[in-house]
Amino acid sequence: MSLGTLLRVALGELERAVMAQLWSAEEPLTVRDVHDRLERELAYTTVMTVLGRLAKKGLVRQERDGKAYRYAAASSREQMAAELMLDALGDVGEDRTAALVAFVDRVGPAEVEALRRALDTPAQGTPRPADRSPES
Amino acid sequence: MASVWLTGLALVLAGPVPALLARARWTRSVPRAAIVLWQSVAIAAVLAAVGSALAAPEALLRAFFHPEERTGLALAVAVGVAAVLAGLIVARLVVVLVLLAVRTRVRRARHRDMIDLLARAEEVDAGGSLRAGTVLRVLDGAVPFAYCVPGRVGSEGRVVVTGAALQTLCPKELRAVIAHEQAHLAARHDLVREGFTALHRAFPVIVRSREARDAVALLLEMLADDAGRRRVGDDAMAGALDAFASSDRAGYGPDVVERLERIRSCVHGGRALAVGTYLAAVALVVVPTITIVIPWLTDALPTVGVR
Chain A
1 MSLGTLLRVA LGELERAVMA QLWSAEEPLT VRDVHDRLER ELAYTTVMTV LGRLAKKGLV
61 RQERDGKAYR YAAASSREQM AAELMLDALG DVGEDRTAAL VAFVDRVGPA EVEALRRALD
121 TPAQGTPRPA DRSPES
Chain B
137 MASVWLTGLA LVLAGPVPAL LARARWTRSV PRAAIVLWQS VAIAAVLAAV GSALAAPEAL
197 LRAFFHPEER TGLALAVAVG VAAVLAGLIV ARLVVVLVLL AVRTRVRRAR HRDMIDLLAR
257 AEEVDAGGSL RAGTVLRVLD GAVPFAYCVP GRVGSEGRVV VTGAALQTLC PKELRAVIAH
317 EQAHLAARHD LVREGFTALH RAFPVIVRSR EARDAVALLL EMLADDAGRR RVGDDAMAGA
377 LDAFASSDRA GYGPDVVERL ERIRSCVHGG RALAVGTYLA AVALVVVPTI TIVIPWLTDA
437 LPTVGVR
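Protein chains in written order, with my numbering: chain A, 1 to 136; chain B, 137 to 443.
For reference, chain A alone in the conformation it holds in the complex (with noise of 0.2 Å):
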């Protein structure tokens, strides 16, 4: 393995270790919460950055919250998990764009179907922000 590889898969480890902590949180999260809740050795401007890089990506809203910035997950995990197969599944058909290939096209409608009922009812916790009235 290459250093950039395993730079990289370090990464994505730590992005994943990130998240499953902005998940389990019933608030959004300072990166002093984060790194705190992180318990390894990590220097703070890591977990800085590394929420940084989830939040460009556009998998965590960052909030002002006074001085600080406050993260929390855009969505919860079971919504992203139905958010991925539904891309997945729907890509077949007409809407096929070939982002990806499937290795079988699913020609039932129904585990997507299933999925978007899914996605509509929002997980306890953690509202989308789709969800938030113009008000708030």
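In short, the hints are calculated from the structure, not lab data. Backbone N, C-alpha and C fix where the C-beta goes; we use that ideal spot for every residue, glycine too. One should not assume that every hint holds.
What the hints assert, rightly or not - Estimated spans, in silico, between C-beta atoms of each pair:
no.	chain 1	residue 1	chain 2	residue 2	range
1	A	L42	B	A227	48 to 54 Å
2	A	D120	B	V231	51 to 57 Å
3	B	V289	A	S24	35 to 41 Å
4	B	G216	A	D120	51 to 57 Å
Fit chain B to the supplied structure of chain A, relying on the hints for placement.
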């Protein structure tokens, strides 16, 4: 005369030829050559359409004006109309292709990000089916499913299988599926599909671009099946297809039936058929250029003052 020939060629290549080629059975024994032939048909059709758009105004000019009158305004209008017609065809194709390419890459990047976060941490033994530069990811999921997400240049592609797929497949079948997906990634089959998807989006109704897109998609699957067969064997590849298709409540899709039949009847392409198909593909692009376009250019360019 050239404009009549080019228009006729464009019509034939956009209608009857794709219809026939989509229904042909011999293509499945030489999928690689057949895909090249499809690409050649598509390129020749677009070139003929652009050529006829360019040539038609000049032909009208010749038909209705005396040689001495073919100057000034009449000539300017003819050249302008030709340029606009040809430009419309090319611009439509380019715009659709660029938009599709951008959206596809954004969607893939997001998909890869989410997979990396959600995949199970455990390693699966790919049995040497994965080459360097590809990552295998296992997702929790009740639907047996396998697919690949091409990476960007310099970043890894992902082969994704669901937990249900791992339970459904025996180790040899899993290796066959991974080899199949790896073949898609290594040979950049996604780029071929993208081209035909763009062609269909740009010219959806009049021409038989949907047949082309779907036929090419199936041929690419067959090509990847062959990679799996070479690596793991016919039985494992067929077994994997069977396992996936029979787990689907909707049953076997027609494409899966064709792929299964093809593996079980041990279809292997003759070298002669493949060579003939490649030659036809080259001829489709080269022959019209030599017999129609070059004589027309030598004839028409002096009219507009180019010598």
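Results for each hint:
Checked against the hint of 48 to 54 Å, the C-beta distance between L42/A and A227/B comes to roughly 52 Å, which is consistent with it. The beta-carbon spacing between D120/A and V231/B, approximately 34 Å, falls outside the hinted interval of 51 to 57 Å. Take V289/B and S24/A: their Cβ atoms lie about 36 Å apart, and the range 35 to 41 Å holds. At roughly 53 Å, the beta-carbon separation of G216/B and D120/A lies within the given 51 to 57 Å, and the hint holds.
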